[in-house]
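Student: Letter by letter, the chains look like this.
Number of protein chains: 2
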Amino acid sequence: MDERGDRGGETEDEEGTVMDRKTTPDVVVVGSVAFDSVQTPKAAHEKLLGGSASYTSVASALFARTGVVGVVGEDFPQDYFDIFDRAGVDVQGLQREKGKTFHWSGVYEDNMNNRRTNCTDLNVFADFNPVIPEAYRTSPFLCLENIAPALQAHVLDQMQKPKFTVLDTMDLWINTTREDLMNVIARVDMLTVNEHEARHLTGKGSLLKAAKKILDMGPTYALIKKGEHGAFLMSKDDILIVPAWPLVEVVDPTGAGDTFAGGLIGTLAALGEVTRDNLHRALVNGTVTAAYTCEAFSVDGLRHITRAQLDERAEAFRRMMP
Amino acid sequence: MDERGDRGGETEDEEGTVMDRKTTPDVVVVGSVAFDSVQTPKAAHEKLLGGSASYTSVASALFARTGVVGVVGEDFPQDYFDIFDRAGVDVQGLQREKGKTFHWSGVYEDNMNNRRTNCTDLNVFADFNPVIPEAYRTSPFLCLENIAPALQAHVLDQMQKPKFTVLDTMDLWINTTREDLMNVIARVDMLTVNEHEARHLTGKGSLLKAAKKILDMGPTYALIKKGEHGAFLMSKDDILIVPAWPLVEVVDPTGAGDTFAGGLIGTLAALGEVTRDNLHRALVNGTVTAAYTCEAFSVDGLRHITRAQLDERAEAFRRMMP
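Chains as they are written, first to last, in our numbering: chain S, 1 to 322; chain G, 1 to 322.
Some clues are possibly wrong.
One copy or two, it doesn't matter: identical chains are merged, so the pair holds either way.
[To be verified] With a straight-line cut-off of 20 angstroms between C-alpha atoms, the simulated PhoX-like cross-links for lysine-lysine are:
1. Lys-47 x Lys-209
2. Lys-42 x Lys-209
3. Lys-204 x Lys-42
4. Lys-161 x Lys-236
5. Lys-47 x Lys-98
6. Lys-47 x Lys-161
7. Lys-22 x Lys-42
8. Lys-212 x Lys-22
9. Lys-98 x Lys-42
10. Lys-213 x Lys-22
11. Lys-42 x Lys-161
12. Lys-209 x Lys-98
13. Lys-226 x Lys-100
14. Lys-100 x Lys-204
15. Lys-226 x Lys-213
16. Lys-161 x Lys-22
17. Lys-212 x Lys-163
18. Lys-42 x Lys-236
19. Lys-161 x Lys-209
20. Lys-236 x Lys-204
21. Lys-209 x Lys-163
Bear in mind the hints are in silico, worked out from the structure with no lab data behind them.
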């Protein structure tokens, strides 16, 4: 399944994990790259590498050649560029603008299920205008993480008919730019939302009814993420279900949902076709990568695993299910 | 898997579903048999057949010869005895005492996840002294539904070394008779509790840690039921996970957990051995039978399905998982 293959033509570091700038990635991820300051009952860390596109691209790169499109400020350190490099994520789409990097700060309550946001300083992210590098435009798999729906549409306009597009969104856009959101939802293959967003977007209390209503909006697939309770994927005549990986302890759940999307789209890209079996494999890898994210702060849980470890956990996970 | 086989020797009704009184059932279920008055946002019904032993035994009888041990009052109607008969549940262990049948009444809130108890009139159940019929004492599978731990121990004393015993309990016994409860937990093969009870019993917030602590109390297996989020089964070196059946609408969730236990133990009894594969099949059948219970009031969801329908749903459910 590992098709990352041909890297290293113009390697920028000794590890040779960076793509040639002219190579089209299998997956393009567009979204936020941020500093996250996170406090949990056991620890607190300042200005970690965060943002939806960071988690999604690093997870996707475990399975397929991945490029990230986002914006950072002048304060974004080389160390963080290096994290992408070492993870095998191409960063030519990561624009560096005058000003400060998007900064999010939050606190998790005792049970880790509730979090309180302390600050959301958009900074350069407020004026983000995603420009898709030439080499990315023919990429077959596209993941549009949570940004303004008009910008998501602008990305789609720059792409040359991707084979499969996944879209994420959030309450803010459901509340403020619903028409734009509905327009972009109609153009993608899969919408991925959490339980709360699914209910908010559709007005349905039953998650199954909510998922069905999402299909009516255009996408072929609705992926409903239920956090510690797993996820399900609905299509017109079918439903796939995956529980969560049994985690003894959650260190930091930030980015778990974005990681899930990354593991999912990276797997589909590596396998090439979106079949029922491949979607099942993608759901398993999404679950397992998301669990690694929960086991450490930032993208650290994903940085230090080998592909063999990941495959072993995926196999153990499959064996837990009937 | 259907091993109900030899019924009808001394049939008491035309359908020939009742065991010979001398036949040892594959499964004995001990617990409450009650009148349930249930109100949901859409409907209200008075004095339905309810009680943990009713749900568990009717579900178990879909898979294996099952006998029920409980107590009812003089007001318990023949119609309700007939429901057991037609479901293939032997009722010679269902004692009829002077007085009224246990009556529970409750209201479900809008989302069906919260319920409020209006009344719990124990009546004849307050003095329940379970007497195990002679023919039941050599039964290999025993399900001790939620009654006082001392009574559960009294049942165990009457049985001749069942091969596999499942125990359920509730907050009341954790709070009031903890020592008795710990003693009986140490004597069974599987403890089945919901999330809240698992945390309450063990003092652990993490469900995995709670399950591990339950194993330390003696049982080989800890089954944690998570309602609409499925269940997991932990043993010393293993964990099996099953999501819930995707229900579009819940009509009445009363008895779903008891039904799960019934589907589980009935399946194990039909298969004969408690192996990893058989436990997986038992978890699937537990899930599917519990879903049928949620689709109707009382045990009605279980009464009108055929074994073929049930097997079809179980197979569809397995196909939803990776």
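Student: Would you mind marking each hint as holding or not holding in the structure?
Tutor: Here's how the hints hold up against the structure:
1. Lys-47 x Lys-209: neither (39 angstroms within a copy, 32 angstroms between copies)
2. Lys-42 x Lys-209: between (38 angstroms within a copy, 18 angstroms between copies)
3. Lys-204 x Lys-42: between (37 angstroms within a copy, 16 angstroms between copies)
4. Lys-161 x Lys-236: Close neither inside one copy (23 angstroms) nor across copies (51 angstroms); limit 20 angstroms.
5. Lys-47 x Lys-98: within (18 angstroms within a copy, 72 angstroms between copies)
6. Lys-47 x Lys-161: Cα proximity of Lys-47 and Lys-161: none, with 36 angstroms in one copy and 61 angstroms across.
7. Lys-22 x Lys-42: Close neither inside one copy (44 angstroms) nor across copies (61 angstroms); limit 20 angstroms.
8. Lys-212 x Lys-22: neither (40 angstroms within a copy, 52 angstroms between copies)
9. Lys-98 x Lys-42: Neither: 35 angstroms inside a copy, 58 angstroms across copies.
10. Lys-213 x Lys-22: neither (40 angstroms within a copy, 55 angstroms between copies)
11. Lys-42 x Lys-161: Neither. Shortest intra-copy (46 angstroms) and inter-copy (47 angstroms) distances fail the 20 angstroms Cα cut-off.
12. Lys-209 x Lys-98: neither (45 angstroms within a copy, 48 angstroms between copies)
13. Lys-226 x Lys-100: Classified as neither; 33 angstroms inside a copy, 44 angstroms across copies.
14. Lys-100 x Lys-204: Neither, since 39 angstroms and 43 angstroms both go past 20 angstroms.
15. Lys-226 x Lys-213: Result: close within a single copy only, 17 angstroms intra versus 26 angstroms inter.
16. Lys-161 x Lys-22: Within one copy only: 19 angstroms inside, 72 angstroms across.
17. Lys-212 x Lys-163: neither (23 angstroms within a copy, 45 angstroms between copies)
18. Lys-42 x Lys-236: Close neither inside one copy (44 angstroms) nor across copies (28 angstroms); limit 20 angstroms.
19. Lys-161 x Lys-209: neither (30 angstroms within a copy, 48 angstroms between copies)
20. Lys-236 x Lys-204: within (17 angstroms within a copy, 41 angstroms between copies)
21. Lys-209 x Lys-163: neither (27 angstroms within a copy, 43 angstroms between copies)
This entry does not satisfy hints 1, 4, 6, 7, 8, 9, 10, 11, 12, 13, 14, 17, 18, 19 and 21, going by the numbered hints stated previously.
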